[in-house]
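When you line the sequence shown up against mature numbering (1 follows the signal peptide of the UniProt record, and there is no 0), it's residues -25 to -1, 1 to 431, in that order.
To be clear, the hints were calculated from the coordinates, so they are not data collected in a lab.
Quick caveat: nothing in here was measured; it's all calculated off a predicted structure.
Every clue listed holds true.
Capping the alpha-carbon separation at 30 angstroms, the derived lysine-lysine pairs in BS3-like fashion look like this: (1) Lys79 x Lys60; (2) Lys60 x Lys44; (3) Lys194 x Lys425; (4) Lys425 x Lys60; (5) Lys194 x Lys221; (6) Lys44 x Lys79; (7) Lys53 x Lys101; (8) Lys60 x Lys101; (9) Lys101 x Lys79; (10) Lys44 x Lys101; (11) Lys79 x Lys53; (12) Lys221 x Lys425.
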Amino acid sequence: MKLCTCIRLCLVMWRVWEDLDGTQAEPSVPPTTGQGPESVFEFTVMSYNILAQYLLEGHPELYIHCSDKVLVWSTRLKGIIQEIKTWRPDILCLQEAQEIHFQKQLQPVLSDLGYTCVYKRRTGSKTDGCAVCYQHSRFFQLSVSLLELRREGCELLDRDNVAIVLLLQPVTSQSPDQTGTPICVATTHLLFNPRRGDIKLAQLVMVLAEVDNVVRRCKAIGRECEVVLCGDFNSFPNMPLYQFIKTGQLYYHGLPTWMISGQEDLSHQTHPRRVYAPLLPSSLGINDNCQYVTAKQTESPPSGKLKYSQGFLLQLRYCPGACERPRDLALIPGVTDNTPDQHEKQPCTPTFSNTVCHCLNLSSAYSHFITGTDRQEVTTLHSNAGATVDYIFYSARTERIRGQTDKRLHGGLEQIGRLALLTEDDLWSLRGLPNEVFPSDHLSLLAKFKLRISPL
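Generate the whole structure from the sequences, applying the supplied hints.
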């Protein structure tokens, strides 16, 4: 058997498709994306940092473990295209797509595969960017926002990162009086610098404000709008930036900037850089609820009595006092360590200054542990380390019932499957990333969702 055939078999064996009822589909057969039973629309979303070639060549120290042949762009391009062809996602979100390679090589192939693509290059001298591609037989575009996260005069928004926010309308074969709820799809690649979580947080607030604006425009005409937010967030699971996305609230005043993403442990520093309120200048036009100040407020105004959710109170562990560990405090895993607990989502509630919040009610498509084990997933790996920094978040409504687990309501996105990730040990057994199987230093993320069709 040829080596290339063996390698492709490894791809099938190592990454399997998981149905969320606990069963596993045949990994060699891509998940179907057709419509299911009547009044249900099923679709898949892939998020993939494909590693811009100029960044690879500019940082050879990160790939000293790789053979030269797997680092050649023509080889990697074939692998990227093959992976997309294998899974045929309905929505494809790319990060680190080098402009010339995307326009001259990737986009023509994607067009032949039935995709319509929107691309946004990073600002300044950077030549890579983000892209959102969707199957035009399954969606049509209602609106697009190309965000530049650099803003003059704002200290925390002086980097060249970008984001794309699309509003897509599902194309259904239902009767004319039914239509799928619009889906707001957003992708971004936040700043890498592990020590500047304050910049990442400011960038994220800008992206969330644009997503919120799209959702509110839909609600203004009486329509619901679901959300898929994905990309490379350069933040570890359960750290403040991640918790902010999932819980909708973060007390940020006084946080050490390195702690926000958790990529680097600088707890030994006596005087670390900290982030202080206000996070963004008022001239930017975005408030602490991650909303444009001109957006109509639909929530009830504060009654005069402040309400704090359990999630918000748990975020206080990141305030300056909580970050100073007493020397004689016994280490009890899960109790006195620095790992935030998983806690229930709460609706967007009134907050006070020094806090940012959003009302999008987002869940992660991945659990960050290999199913049925305590082994941690990773989404990226290079010579220095492996970690999870890539995510697919989606809107899922829940109803809290006393004494029961959360019950999903109609109207939200329901996740019904995903492509399993791997552990760091798994990837090192394949000689790290990139390799003959996986052409980037990131793994692709792929999730499948179900959306209910509602009458007009």
